[in-house]
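Here are the chains, one letter per residue:
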Amino acid sequence: MTAPRHSTRRTAPTAGPWPVLLGEVRTALLRHSRAVGVETVEELLELAPAATVRLTSRPLARGVSTDVVEGVHCRLPSGSGRRVEGVGTIVSRAVVTGGRIAQASSRALVLPATAPRRQNWSAYLARQGIIEALGPGGGDDLAAGFLAPHRPDVLDLGAVANRLLDRVQTSLLLDGASPLRTTRTRLRFVVAAAGSGGGPSTPAPPRFSVDVDGVRTLLLRADLHGTGRELDGAETDLATQVQKGLDLAEFDGGGAAELMTLCEDVAVHDWLLTVLQRLVDNLDEAPARNGRIERIGPAIEQLLHLWMPGAHAEPELSWVWSALEGRPGFSRQWASIVARIRNELDLSILRALTADGGQARRAGPAEEL
Amino acid sequence: MDAIYTESSAAEHTSGVPFAQVSVELGHLYLEDLGPTDLDGFFARIAPWADRPRLASVAGLPTDRRQRVSTCLLLDDYSGYTDPTARPSPAAVLPELLAAAMRAGVPIDYLARESGLVQAPSGSLAELVEGLLVADPPFGADGSRPPVTETGWLTNGQRSPAVGTRQAMGGQIVWTPPVENAGYQHSVFLDVELWNGPEGKRQWSCAYLAAVWQLARLGVLRRRGRGVLAAESVDLDNLPDDWAALPAVLMVSRTPPPFCAYRTLSVMDARFLPVENAVRTILSQVAADPTAVRQAVRRAAREGITLPMEIIDRISYVLLGP
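Chains as they are written, first to last, in the working numbering: chain B, 1 to 369; chain V, 1 to 322.
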């Protein structure tokens, strides 16, 4: 494959606001027979020696790896099938929640290119987690393309996240034994820039969907502040130049890391719902009754206490959780599952008691003999 | 109302390092050069390029401002000399080296050993930097497969296919040119050897270690968020016989400005041009800790200095012909 030649004309986005944050989260049960401690989490997540693993203990233990950077130069998704190229970096990280749930997430903030053609690679590494779009099309077209079924040779964030999760899951620190059968879930998310309509307004409601192929999609409109775009242009006086350099340094990726945390949190809870719903749905399958408690047991021990929506989300993003609790109502479904499990437990205790009672009754007359 | 709750382990820790404005590298010498080289002549050629107006220009400062400039020299005790016992001892060469620089008016503040970049008590800097490499992607790198790398090599483009190998369908592969990824109309293709030798006995290339050296001087390397290289002062009257007994970076002047700097200037022989070009190819593919990179920009801004975010834009050279 040869590198494409870009024309020297300026790229002019035609529609839809920039920037757009694209991401994908993969969630799975950590391949280990029991929950791992904080030291193991730290060692598991030390994917690069430069930075530190971030650990939180309250309200729930959570470890976040350092960022892993990977370069891409490929076609970007496009809803209208336009040829738009992207050059830049994907930032990924691994997360372990409650010593039990493993996740990997990959993201990229997509902006229109600052130059009409590809720059030196160092320019992209200076802005990690940003992909520059070269070609026609706006943010809406990109988002539509990303949410459509994946096409080959187009940016594949899911594959990057999948590889990272594999890397964590195959660690020699883990014994590879899983106490219960679960699946690896996939959540895609798109955060589109909120309209620049001046002044705070009511945010558009988030959209959450479960697609036919099991892929979850979260669509948000949020304020992707300070995108760094406004920093381009020729300045002459020293003070302005210094300020410009400083602004570029202060650019924090448009709040992408905070949004990533939110999406990881949504993905954890969606995964918990998926795993436990499947478990209770399958309870009535043959062999009925036998081993029901044995099948629920590991989930009770390992997973029930991990339900804590919004525990690690930034307060300014709490509106997303509030909206998701309204509809589809994550916690409502969870409460229903937990109630079902409790009922099973109560019933099994009752059955055990009555079984004991039966034996006692049978034993009773024998004693009298 | 929600309480404000923080945990110190939840935040990323990236320690700051002290910065000079410019780190000037006063040439590059192999240990075997030390005997035959006329050190007075060597430093006399370099000294004029490290004068106040030139350093002000490199630093991006007005000429009348006070300068904070540290000088350094990297001695190559890593390559060369298959027989380590044939090497001159530190005591035999260092005092004269430092004196010659002093006589030329460019006293050396920090003296570094190239081996110290490979082996250090706190861990190898060469290996640390290897973990920071993010390869320049060719078109077609969409994330679906791991990045294609040739072990021990780093390129700025796509290599030619191996000529003469047979394709699956039977035809011979004909030569096609290599392509520079960021090339425009024409390519300047570079393929840099990072290391060779068997695993465990890896021999790092000169270009690779020079790239590590630039990163160390620019103060952008961290291990678990902490600084990686601390200069140590040594007793110059009681130098050891063995180079390995010396620290990686020796502080050889009294209370010099910091070793790390916003910008670096390397004054060296033009024969190092290909090596330095390779260094820039490597540095273009180093994803340095963004927090450390930003710390330098912020600190410089407080002094009225604009510092670029790109590491390679912080590096200047003077290349001298023979």
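No lab work stands behind these hints: they were computed from the structure.
On a predicted model such as this, the values are computed, not experimentally measured, just so you know.
Note that beta-carbon positions come from the ideal geometry of N, C-alpha and C, so glycine has one too.
Incorrect hints may appear among the rest.
Distance ranges between label pairs, derived from CB positions [said to hold, decoys possible]:
| id | chain 1 | residue 1 | chain 2 | residue 2 | range |
| --- | --- | --- | --- | --- | --- |
| 1 | B | S322 | V | A3 | 34 to 40 Å |
| 2 | B | V38 | V | N196 | 16 to 22 Å |
| 3 | B | D211 | V | N196 | 48 to 54 Å |
| 4 | B | S322 | V | A162 | 56 to 62 Å |
| 5 | V | R298 | B | D213 | 45 to 51 Å |
| 6 | V | E32 | B | E314 | 40 to 46 Å |
| 7 | B | E316 | V | P177 | 37 to 43 Å |
| 8 | V | A244 | B | E316 | 52 to 58 Å |
| 9 | B | P315 | V | L320 | 55 to 61 Å |
| 10 | B | R83 | V | I173 | 56 to 62 Å |
| 11 | B | G176 | V | R298 | 22 to 28 Å |
| 12 | V | W195 | B | A177 | 37 to 43 Å |
Do the hints match the structure? See the list:
no.	hint	verdict
1	B:S322 <-> V:A3: 34 to 40 Å	violated (19 Å)
2	B:V38 <-> V:N196: 16 to 22 Å	violated (41 Å)
3	B:D211 <-> V:N196: 48 to 54 Å	holds (49 Å)
4	B:S322 <-> V:A162: 56 to 62 Å	holds (59 Å)
5	V:R298 <-> B:D213: 45 to 51 Å	holds (46 Å)
6	V:E32 <-> B:E314: 40 to 46 Å	violated (59 Å)
7	B:E316 <-> V:P177: 37 to 43 Å	violated (52 Å)
8	V:A244 <-> B:E316: 52 to 58 Å	holds (54 Å)
9	B:P315 <-> V:L320: 55 to 61 Å	holds (59 Å)
10	B:R83 <-> V:I173: 56 to 62 Å	violated (28 Å)
11	B:G176 <-> V:R298: 22 to 28 Å	violated (45 Å)
12	V:W195 <-> B:A177: 37 to 43 Å	holds (38 Å)
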